[in-house]
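Sequence order for the protein chains is A and B. This note's numbering puts the last residue of the first sequence at 114; the count rises by one with no breaks. This note's numbering puts the last residue of the second sequence at 111; the count rises by one with no breaks.
Source of the hints: derived by calculation from the structure; they are not laboratory data. Nothing here was measured: the structure is a model prediction, and the numbers come from that model. Treat each hint with caution, since some may be false.
[As the list claims (entries may be wrong)] Below, simulated DSSO-like cross-link-like pairs (lysine-lysine); rule was C-alpha separation at most 27 Å, straight line:
#1 B:Lys57 - A:Lys42
#2 B:Lys55 - A:Lys1
#3 B:Lys57 - A:Lys1
#4 B:Lys71 - B:Lys55
[Claimed, not checked] Some chain B residues well away from chain A (every beta-carbon gap over 12 Å; in silico):
#5 Val12
#6 Lys13
#7 Lys18
#8 Val19
#9 Glu22
#10 Asp26
#11 Asp28
#12 Ser65
#13 Glu72
#14 Leu78
#15 Gln85
A virtual CB, placed ideally from N, CA and C, is assigned to each residue, including glycine.
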Amino acid sequence: KQEVTQIPAALSVPEGENLVLNCSFTDSAIYNLQWFRQDPGKGLTSLLLIQSSQREQTSGRLNASLDKSSGRSTLYIAASQPGDSATYLCAVRGASGSARQLTFGSGTQLTVLP
Amino acid sequence: DVKVTQSSRYLVKRTGEKVFLECVQDMDHENMFWYRQDPGLGLRLIYFSYDVKMKEKGDIPEGYSVSREKKERFSLILESASTNQTSMYLCASSRFDEKLFFGSGTQLSVL
Chain A
1 KQEVTQIPAA LSVPEGENLV LNCSFTDSAI YNLQWFRQDP GKGLTSLLLI QSSQREQTSG
61 RLNASLDKSS GRSTLYIAAS QPGDSATYLC AVRGASGSAR QLTFGSGTQL TVLP
Chain B
1 DVKVTQSSRY LVKRTGEKVF LECVQDMDHE NMFWYRQDPG LGLRLIYFSY DVKMKEKGDI
61 PEGYSVSREK KERFSLILES ASTNQTSMYL CASSRFDEKL FFGSGTQLSV L
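Looking at chain B on its own, in the form it has when it is part of the complex:
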């Protein structure tokens, strides 16, 4: 079975901290994505990657960066966490233009 694993289900951080969210997929997918989901705003794309070391900005990249050093792992980095980054973060992967598979999400609270 297809598996996308996010390292934490819940995370609480302080304003100004550097935060790492990790995502690993075991399906040898080329594409990996980071979304955030907020009530009333739906899913918004932060960054995606279509190959190792390749990345492209999504709709809301400000305040975030990403790293993809290996094909199976895609990391989202909050350089200096702020309260408006409190959200549900969802990682996903797909083979080129095929089905999208999601992880179980990380609920991040920034205090």
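Just chain A, same shape as in the assembly:
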């Protein structure tokens, strides 16, 4: 059974710093991987989706990378801002692409200090 781990559970950084969030998964046979942010009491907002054949995806200050063989993905946030404070979750879809095979990590709570 796929397991998705996000370490650390919480991270605090000063404004302006570049940072990396980690996501690891136990079964490298994946279809795609998606990163989300969640603000307190709200739903999840999709940030980036990486297909299994891709190595990275970029959107503005965000860059997500994928290394299937090692079972790892990272989300790089450049020049962090207080507005980036949120919980960041990754979700892995199994190799068949089935909706049944979505596994979420428990998230990293990011605080960017002004």
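Start from chain A and add chain B according to the hints.
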């Protein structure tokens, strides 16, 4: 812009009541999902649907049922609400195996 709308942000119900949570998406997506999110337990899949009138159980379907009579609408039903169903409920949709889009969530309290 993509939109998944959940009918209520906050809901308070009594034990034993029948509860309906509604979700509507405007993107013509085939897949729709219901998750619950609890501190320390993360997101857990309750049910999902891959087509009109089609449904499949997720990891924790006990005490819940669903209905998908139209492609854009997916309803979650708590047949007889219990206190352990107090939770944040999240609806999501996607086109086949593509990006997942979430609604803003319904915080349900069962007293």
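**Request:** Decide, holds or violated, for the assertion that all CB atoms of chain A are farther than 12 Å from the CB of Leu78 (chain B).
**Result:** holds (19 Å)
**Asked** Would you say Lys13 (chain B) is clear of chain A, with no C-beta pair closer than or equal to 12 Å?
**Response** Holds: least Cβ distance 19 Å, greater than 12 Å.
**Request:** May I ask you to check that Glu72 (chain B) keeps its beta-carbon over 12 Å from the closest beta-carbon of chain A?
**Result:** holds (17 Å)
**Item:** Separation of Asp28 (chain B) from chain A, once the least beta-carbon distance is taken, above 12 Å
**Value:** holds (16 Å)
**Item:** Beyond 12 Å from each Cβ of chain A, as asserted for Lys18 (chain B)
**Value:** Check passes; 24 Å lies beyond 12 Å.
**Message:** Please verify whether Lys71 (chain B) and Lys55 (chain B) have alpha carbons no more than 27 Å apart.
**Reply:** Holds, at roughly 12 Å.
**Prompt:** Is the nearest CB of chain A more than 12 Å from the CB of Val12 (chain B)?
**Reply:** Consistent with the label, Val12 (chain B) stays out of reach of chain A, its closest Cβ about 15 Å off (over 12 Å).
**Request:** Just double-check Glu22 (chain B) for me: nearest Cβ-Cβ distance to chain A has to come out over 12 Å.
**Result:** Given a closest Cβ separation of 15 Å, the condition holds.
**Prompt:** Would the pair Lys57 (chain B) and Lys1 (chain A) pass a check requiring their Cα atoms to be no farther apart than 27 Å?
**Reply:** Holds: Lys57 (chain B) and Lys1 (chain A) sit about 17 Å apart, inside 27 Å.
**Request:** Grab the minimum beta-carbon distance between Asp26 (chain B) and chain A and tell me whether it stays above 12 Å.
**Result:** holds (15 Å)
**Asked** Taking the minimum C-beta separation from Ser65 (chain B) to chain A, is that value above 12 Å?
**Response** Per Cβ check, Ser65 (chain B) is outside 12 Å of chain A; nearest 18 Å; holds.
**Closest CB of chain A to the CB of Gln85 (chain B) still more than 12 Å away** = The assertion about Gln85 (chain B) holds, with a minimum of 18 Å to chain A.
When held up to the earlier numbered hints, the structure conflicts with none and fits them all.
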